[in-house]
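Protein sequence lines, in the order shown, are assigned to chains A and B. In terms of the numbering used here, the first sequence opens at residue 7 and continues consecutively. In terms of the numbering used here, the second sequence opens at residue 7 and continues consecutively.
These aren't lab readings, by the way, just hints derived from the structure by calculation. The reader is advised that the hints may include incorrect statements.
Identical chains share a label here; the pair holds if one copy fits it or two copies do between them.
[As the list claims (entries may be wrong)] Here are the simulated DSSO-like cross-link-like pairs (lysine-lysine), alpha carbons at most 30 Å apart as the crow flies: (1) 263 with 131; (2) 131 with 119; (3) 124 with 109; (4) 57 with 131; (5) 211 with 131; (6) 203 with 57; (7) 109 with 57; (8) 211 with 109; (9) 211 with 57; (10) 57 with 82; (11) 211 with 263; (12) 211 with 124; (13) 203 with 124.
Chain by chain, the residues run as shown.
There are 2 protein chains.
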Amino acid sequence: MAGTKTARGKLPDSAPLGPAIILVHPQLGENIGMCARAMLNCAVTELRLVKPRDGWPNDAATAAASGAVSILENAKLFETTTEAVADLEFILATTARERGMVKDIFTAEAGAKIIRQKNAGQTQKCGILFGPERTGLENDDVALADAILNIPLNPSFSSLNLAQAVLLTCYAWLSADNPFSAGEAVPSLGDTAPATKEEIENLMKHMEDELETGGFFRSPEQRPTILRNIRNFFFRSGMTAQDVRTMHGIFACMTGKRGRKKEG
Amino acid sequence: MAGTKTARGKLPDSAPLGPAIILVHPQLGENIGMCARAMLNCAVTELRLVKPRDGWPNDAATAAASGAVSILENAKLFETTTEAVADLEFILATTARERGMVKDIFTAEAGAKIIRQKNAGQTQKCGILFGPERTGLENDDVALADAILNIPLNPSFSSLNLAQAVLLTCYAWLSADNPFSAGEAVPSLGDTAPATKEEIENLMKHMEDELETGGFFRSPEQRPTILRNIRNFFFRSGMTAQDVRTMHGIFACMTGKRGRKKEG
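Kindly produce the complete structure, drawing on both the sequences and the hints.
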């Protein structure tokens, strides 16, 4: 876990060990910075660089990291991909192209699950290789990997920006067991409680009385159907207690029990 | 193995209708271009722009799109968010901040499933709102949405680049399996179609006019907040077109434009 202390200081102690992100011969400093930002967004903190084209450190990287500077400061520099993966135990190589190599091919999600499993005991160290922007990984680099990671995209437009490939991969890792996700859907009620059915029913009564007075119901036969449809809407609409009070106010205003008075 | 199903060799001819991506007041052309690229990576093709800061078309956008020019050429331009969502029937607003508004909050994955369900019959049109780079969506824009979409990230570093937020959202949509093929339940709308946002907006106008006439707004300061809360309720309430017609009738009755006449 060397080198990750700074960035991890902000994360929960129980945050699991993410994969090392290994950028092989990255070209633009800006892209390295954006990769760092994407990593930290997903709580992945270990960056390794194999011979960045424009040297290291790189001001453009710092500028593009939007605050994820701890990732860049702790990045480890290597001369070759072989050295960069030397202490790791399971490697995935990202590539969009068929390499004619005998290797398992995982989606980002499937690859993320494997990494979670392998790291569950915090014993195994995993890494994900990303090639240079223009050409992608060389076959010699892919050969160092245990398996290939392929992000399934629109086949007629599948070329991803480097930082975006890193983002999707890291996000898949985070999502595989996301401690920050509250699950599928969480209703937010703001400061106010949901209305009780009684409150909604009282609102219905208020409305019904006013509609009666106003001659809304042309025929007695239509009346139950119309009221049922209106009730159906209000009861399924997810009104809060505040919404009910507001609607009372709106009805009162419209029927002249408030505001209109001053005209009389 | 989740995700492997989507590793299809190419998109089927019947590729489902993706959500409209709506960028509200985007600042940098470069970011708009990168959004277009991320969209096309995920086979999402409909881009809508609300008053881009630097005008439109924008050379920086074209340069950054890396070939996804068709998305930019077909982008639709709008003056207001209200106009941009007028023909849509289900809207998600992306925001990282708590808004104190009563709305469901979905993860990108849960939101993607909902959109798949709603679009399964190719009848309903969905959209996802993204705010300006620096500030995110304004509360008035969020109020137009049916629910909030929140991407669960490292809470101590959750600020995403605009194009990366679009990428994660569109990728979640691409990755979501069509629930129709899995035989999942779909919401039943009875005999009537969901209201369009324009229909609901017209209802809001009707009500606003009547409240103005009736002296509902005691102080000009309260007015925008009150209206936003009412709008928030109507826009998330799941109204059908029939519900909207009924509410128009209720308002007309209450304000004496119908029925009351016979009293005079």
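Inset, instruction - Indicate which option fits the pair residue 211, residue 57 if close means a Cα-Cα distance not exceeding 30 Å: within, between, both or neither. - result: So residue 211 and residue 57 pass the 30 Å test inside one copy only (23 Å; across, 45 Å).
Legend entry - Intra- versus inter-copy proximity for residue 119 and residue 131 (alpha-carbon distance at most 30 Å): Classified as within: same-chain Cα gap 14 Å, cross-chain 34 Å, threshold 30 Å.
Inset, instruction - Go through the copies and call it for residue 263 and residue 131: within, between, both or neither, with a Cα cutoff of 30 Å. - result: Answer is neither: 34 Å inside a copy and 40 Å across each miss the 30 Å cutoff.
Legend entry - Identical-chain pair category, residue 211 with residue 131, by Cα at 30 Å: within (23 Å within a copy, 35 Å between copies)
Inset, instruction - At 30 Å max between alpha carbons, let me know whether residue 211 reaches residue 263 within a copy, between copies, both or neither. - result: both (16 Å within a copy, 21 Å between copies)
Inset, instruction - Go through the copies and call it for residue 109 and residue 57: within, between, both or neither, with a Cα cutoff of 30 Å. - result: Within one copy only: 26 Å inside a chain, 48 Å across chains, cut-off 30 Å.
Legend entry - Status of residue 57 relative to residue 203 across identical chains (alpha carbons, at most 30 Å): within (19 Å within a copy, 42 Å between copies)
Inset, instruction - Go through the copies and call it for residue 211 and residue 109: within, between, both or neither, with a Cα cutoff of 30 Å. - result: both (22 Å within a copy, 26 Å between copies)
Inset, instruction - Up to 30 Å between alpha-carbons, please classify residue 203 paired with residue 124: within, between, both or neither. - result: Both: 15 Å inside a chain and 28 Å across chains, each within 30 Å.
Legend entry - 30 Å Cα threshold - placement of residue 82 relative to residue 57: within (10 Å within a copy, 43 Å between copies)
Legend entry - Alpha-carbon proximity between residue 57 and residue 131, which holds within one copy, between copies, both or neither at 30 Å: The answer is within: 22 Å in one copy meets 30 Å, while 48 Å across copies does not.
Legend entry - Same-copy or cross-copy closeness of residue 211 to residue 124 [CA-CA at most 30 Å]: within (27 Å within a copy, 33 Å between copies)
Hint 1 alone, counting from the list given before, is not met by this structure.
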